[in-house]
Amino acid sequence: MKLFIKILLFLFSIVVVVGLCIGAYFAYLWSSNLPYVGSVKDYRPPVITRIYSEDGHIIGRLWEEKRTVVPVSELPAHLINAFVAAEDARFFEHQGVDIQGIIRAFLKNLSAGKVEQGGSTITQQVTKSLILKNVRKTYRRKVREAILSVQLEKSFSKEHILFLYLNQIYLGHGAYGVEAASRTYFHKPAKDVTLAEAALLAGLPQAPARYSPVAHFKLAKARQKYVLSRMYEEGFITEAERDQALQTNLVIYGKDTNTFERAPYFTEHVRRYLLAKYGKDLLYRGGLKVYTTLDLKMQVKGREALRRGLTELDKREGYRGPLKHLSAGEMKDYKARALKDLSLQNPKVDSVVEGLVVKVDDKGEEVSIRLGEALARLPLKEMKWARKPDKDVAYYAARVRKPSSVLAKGDVVPVRILEKYGDDRPKETDDGRKGKSGKKHDGFTWLVALEPEPAAQGALVCLDAETGEVKTMLGGRSFDESQFNRAIQSRRQPGSAFKPLIYSAAIDQGMTPVTIIMDSPYVSSPNAAGEVWKPKNYKKKFYGPTLIRTGLAKSRNVITVKILNKIGVGYAIKYARKMGIESNLAPNLSLALGSSGVSLMELTRSYAAFANGGMLVTPFFVKRILDRGGNVIEENQPATTPVLSRETAFVMTDLLKAVISEGTGWRVRALKRPVAGKTGTTNDLRDAWFMGYTPEFVTGVWVGYDDSREMGKGETGSRAASPIWLSFMQEVLAEKPIRDFEVPEGVVFAKIDRETGHLASGRSRKAVFQAFKEGTEPKEYSPARSSTAAAKPFSQFDMDVQ
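All letters in the sequence shown, in the order written, are residues 1 to 802 by our numbering.
Check the hints yourself; a few may be wrong.
[What the hints assert, rightly or not] The calculated lysine-lysine pairs, modelled on BS3-like cross-linking and capped at a C-alpha distance of 27 Å, are:
1) K348 <-> K409
2) K133 <-> K280
3) K540 <-> K566
4) K657 <-> K736
5) K221 <-> K255
6) K534 <-> K566
7) K363 <-> K340
8) K297 <-> K188
[Unchecked claim] Beta-carbon label-pair distances, calculated as ranges:
9) S39 <-> S478: 41 to 49 Å
10) S404 <-> G443: 38 to 46 Å
11) N588 <-> S661: 14 to 22 Å
12) S478 <-> R673: 30 to 38 Å
13) S405 <-> V358: 12 to 20 Å
Everything labelled a hint here was simulated from the structure, so no lab data went into it. Note that the Cβ used here is the ideal one computed from N, Cα and C, for glycine as well.
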């Protein structure tokens, strides 16, 4: 028996020795050519690129891995302890590999019948993630992982390893590291998370998708309970702290704050610029800080002005019908879903929500709208605009007389919240304005107005007049609906908004504001097909001898065509190029009427030269870019080129001020400060423009349909576009002091008779002060009777036939 035992011991010893030798051999073999652990010293993971507005608000974030690196010193102790307790309780004791922890995890998982604890230490997880991240999972890799983990512990402090771990680990929903995860789930930085929130985050590493608090809240809470229990067992928290954390209500957000929504067209343009210049890798992994020219407050005002303007246009166009119509059965299901819609529980005054028509009362002249649990009252006066669309009938000529001609029970319609009944306190609207005070009305909670979903599109651009900084840019009514940027990418006919470039060219060729042009029928020479062109004025009338000043103010087409014919089409095209127009221009007289498509941005740029004294600005979006180390890699300064004399620029400004005071831009007088501008309307009312400026800002607005269909009767630049411009500029300039345009040397003013163009006499019926280049002002006085026929014009070009 003793011999048998000796033989067994001998054989066992041989097996152990051989096993150790084989193990040592493979350990030596697998440990050769190990990666260098020092590579993690300069930890530079992919991080978020942030795009900022001028006033420091984040307007965009770009990433491949959504991560913000934070030092351990900025993280609360309970957050660090939560991860240590959940993932590696002996982290501060072992040297990279925890044999005791592996055995404990094995026994714990065996008794639980499922995986509750992992055997890998935090150091091993860092090794897998940063050093062996692309290596296939095999026994060889596990050995190398253990060896590298020991080396990592010898090379770096525990704090640095924690720093790597807490910033590298994936925690679900695209979030890498505790900072990104905290902002994703709680909308707060990691330094501000509570114990309950920290425990929730610490429960995610094992299975981020399974324990997602967004998709599987119950599982996430169960995992949080486990983490808090581990923290208590390890002495990190007291029993009372554990129990309090378990009872804490958690507010979980489905996604991180979408800063891109603040200025999507602007931010997308900047993103494309950065991608083209710096490439995908640096843009999405490099952690750039991009400081832009955008004024976020102005952007918000612009978005509101454009929305209101397009909504009012849509109302004038007529009612196109409900979003959808529901049967009785569908109405029941809709009501059930609406009860769960949080946006309908307490909507803000001035917000637009979706409602269900449940009753139409012609006798009471009102409609009952279901909004969640509440009923809203829609009176007839708030839907009188909803006539049947008819482009041949003016909007004010056909008003709705009874609700049933518009709505029916089962219609789903958008409505605007006007006020809440039964509450005497003023309501605050989305843009901060005070709403009407509430009034009692039996059975109804809300007073609403029928609000159309605009079909037309629009764009708005605002530049700093002196520098060319793009302060605001809206490329459409909704980026979610269409990413096409109509402010930059679109080429639309500007109509009369192009005329100032023709007039400016004429001023530089020697004409003056009181040069008289004969407004009479014009016929072009026949083309190759024998066709002739006969331009007409908007009202299809001719006005005889007309001052250039009046021709621009009243937007007379024939006058502009004759001016272009005089100065030459070739010269005008070169002049437009000099003024920043880069789009293709048709080399014919229709150019005078804005027949060639241009972008809103380039036309706004051209007007800036009038506003700032003759300097062509280069619009720019990015002021400065810093790399992840804080080094400046790009810095842009205003770039301007002189293209007009200060005298010509001011004379044009004075002429464009007359467009506001006497002509088609009359709506903009409500700004009640010095302003110059020009309306633009194309044939068949397909495009409406208003280009205007003050000494501070140059703003352009375009309105139309993407498919170039006609707008309604009378939808000119004056009616469709200038109200948007006015609404925006009123808000932008509300707190700024009133400034007038600076008069340069070389400009004089003369009081002229607007009918004759001569100096005004005591009996002139229409006298006005007009700016002239010094030496070009009129010298003769108007005769006693202010009659163009009785006066000799200062200068006349009669060009009825080419």
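Cross-check of the supplied hints:
Restraint check for K348 and K409: satisfied, since their Cα atoms lie roughly 25 Å apart, inside the 27 Å limit. With a C-alpha separation of about 22 Å, the suggested pair K133 and K280 falls inside the 27 Å cut-off, and the hint holds. At roughly 23 Å between alpha-carbon atoms, K540 and K566 fall within 27 Å of each other, so this suggested pair holds. Taking the CA atoms of K657 and K736, the gap is near 20 Å; set against the 27 Å cutoff, the hint holds.
Distance hint between K221 and K255 is fulfilled; the C-alpha atoms sit about 18 Å from each other, no more than 27 Å. A hinted pair counts as satisfied when its Cα atoms are at most 27 Å apart, and K534 with K566 qualifies at roughly 17 Å. Straight-line distance between C-alpha atoms of K363 and K340 comes to about 33 Å, which puts the hinted pair past the 27 Å bound. Note on K297 and K188: the hinted pairing holds, with a Cα-Cα distance of about 23 Å set against a maximum of 27 Å.
Checked against the hint of 41 to 49 Å, the pair S39 and S478 passes, with Cβ atoms roughly 47 Å apart. About 20 Å separates the C-beta atoms of S404 and G443, a value inconsistent with the hinted range of 38 to 46 Å. For the pair N588 and S661, the supplied restraint of 14 to 22 Å is violated, since their beta-carbon distance comes to about 33 Å. Separated by about 32 Å at the C-beta atoms, S478 and R673 satisfy the suggested range of 30 to 38 Å.
The hinted window of 12 to 20 Å between S405 and V358 holds, with their beta carbons roughly 18 Å apart.
Checked against the numbered hints above, the structure breaks hints 7, 10, 11 and satisfies the rest.
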